[in-house]
Amino acid sequence: MDSRLQDAFDYSKLGYAQLEALAVQYAFSVVGALLILIVGWLLTRFLARWSQVALGQVRGLDATVAGFVSNFLRYALLAIVIVMVLGQFGVQTTSIVAALGAVGLAIGLALQGTLQNIAAGIMLLVLRPFRVGDAIETSSISGTVRFIGIFTTELETADGLYRMTPNSLLWNVPITNFSRLPTRRFELNMKVGYEEDIDSVSAALLSLVAEDARVLKAPAPETFVADLTDGAVVVTLRYWTTAGDYWATSRDVVKQVKTAFQAAGITIPVAPLAAEAVQHAGATGA
Numbered sequence: 011m012d013s014r015l016q017d018a019f020d021y022s023k024l025g026y027a028q029l030e031a032l033a034v035q036y037a038f039s040v041v042g043a044l045l046i047l048i049v050g051w052l053l054t055r056f057l058a059r060w061s062q063v064a065l066g067q068v069r070g071l072d073a074t075v076a077g078f079v080s081n082f083l084r085y086a087l088l089a090i091v092i093v094m095v096l097g098q099f100g101v102q103t104t105s106i107v108a109a110l111g112a113v114g115l116a117i118g119l120a121l122q123g124t125l126q127n128i129a130a131g132i133m134l135l136v137l138r139p140f141r142v143g144d145a146i147e148t149s150s151i152s153g154t155v156r157f158i159g160i161f162t163t164e165l166e167t168a169d170g171l172y173r174m175t176p177n178s179l180l181w182n183v184p185i186t187n188f189s190r191l192p193t194r195r196f197e198l199n200m201k202v203g204y205e206e207d208i209d210s211v212s213a214a215l216l217s218l219v220a221e222d223a224r225v226l227k228a229p230a231p232e233t234f235v236a237d238l239t240d241g242a243v244v245v246t247l248r249y250w251t252t253a254g255d256y257w258a259t260s261r262d263v264v265k266q267v268k269t270a271f272q273a274a275g276i277t278i279p280v281a282p283l284a285a286e287a288v289q290h291a292g293a294t295g296a
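Note that the working numbering has the sequence shown beginning at 11, numbered continuously upward.
Just so you know, these hints were derived from the structure itself, not from any lab.
It is possible that some hints are incorrect.
As the list claims (entries may be wrong) - Simulated pairs of lysine-lysine, PhoX-like, Cα-Cα distance not exceeding 25 Å:
{"no.": "1", "residue 1": "227", "residue 2": "265"}
{"no.": "2", "residue 1": "201", "residue 2": "265"}
{"no.": "3", "residue 1": "268", "residue 2": "201"}
{"no.": "4", "residue 1": "227", "residue 2": "268"}
Unchecked claim - Each pair of labels, with its calculated beta carbon distance range:
{"no.": "5", "residue 1": "63", "residue 2": "139", "range": "24 to 30 Å"}
{"no.": "6", "residue 1": "93", "residue 2": "142", "range": "38 to 44 Å"}
{"no.": "7", "residue 1": "90", "residue 2": "229", "range": "32 to 38 Å"}
{"no.": "8", "residue 1": "129", "residue 2": "210", "range": "27 to 33 Å"}
Quantities reported herein were computed from a predicted structural model and do not represent experimental measurements.
Where a beta carbon is used, it is the ideal one built from N, C-alpha and C, also for glycine.
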């Protein structure tokens with residue numbers, strides 16, 4: 011046989027042997043990678059479901075937080091599984107982890123505002139300064155809460171408008187929750203003339219609220235003289251009612267006070283500017 015043909019034959023045999031060795035070597039790597047991938051996938055799904063069920067049994071913890079934590083755990087474990095699969099093929103996972111860390115840092119800086127909303131949303135769902143259905147107010151936002159999410163909170167304003175607010179605007183700011191506590195106090199300041207009998211005025215006010223079943227008996231309603239101005243005595247009426255009856259009761263009481271004062275002949279002094287306006291209107295009509 012020609013020497014060149016013999017050399018080619020020998021090289022082909024050598025190459026075939028190397029390919030066979032590589033195939034055997036990577037076959038084990040592929041099988042190992044598939045096993046790691048399948049077992050890791052099933053394990054991450056099991057742990058994610060288990061964590062969501064376990065967190066769902068925690069009293070007072072919102073379901074949104076449980077879902078967010080379980081999904082975060084699942085994807086974090088999947089990332090570890092992928093790194094392990096790449097390690098089966100001899101890939102230097104240390105450099106990959108460093109690269110992923112750099113990419114994560116860059117993404118975190120780019121999405122800084124979004125991450126703030128996520129962190130604020132988690133804190134709002136965990137600490138629960140307000141719940142769905144609560145009427146809240148901050149220095150810039152007010153309305154009834156309709157939905158609390160990881161990124162935003164949805165509210166309905168008093169005039170029926172929809173408002174979606176980033177969670178970062180509802181965290182680290184003072185929040186007034188009008189619905190959190192079961193009872194609220196209403197205070198009405200009324201001006202009466204100096205010639206009026208204060209005891210009669212107080213009796214009329216207390217009798218008025220005593221007839222309203224929505225006004226709580228304890229703490230008991232009270233009246234007192236709050237101030238003495240140049241033209242009138244300021245009498246204050248205080249009573250407590252449930253948070254749900256607060257607005258309707260306050261409007262009815264204001265109306266009934268006006269009617270009761272008229273029936274009892276109790277005068278409400280007119281402010282100087284208002285009196286001049288009334289006189290001017292009367293003169294114009296004449």
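Hints, verified against the model:
no.	hint	result
1	227 with 265	holds (21 Å)
2	201 with 265	holds (15 Å)
3	268 with 201	holds (11 Å)
4	227 with 268	holds (23 Å)
5	63 with 139: 24 to 30 Å	holds (27 Å)
6	93 with 142: 38 to 44 Å	holds (40 Å)
7	90 with 229: 32 to 38 Å	violated (59 Å)
8	129 with 210: 27 to 33 Å	violated (59 Å)
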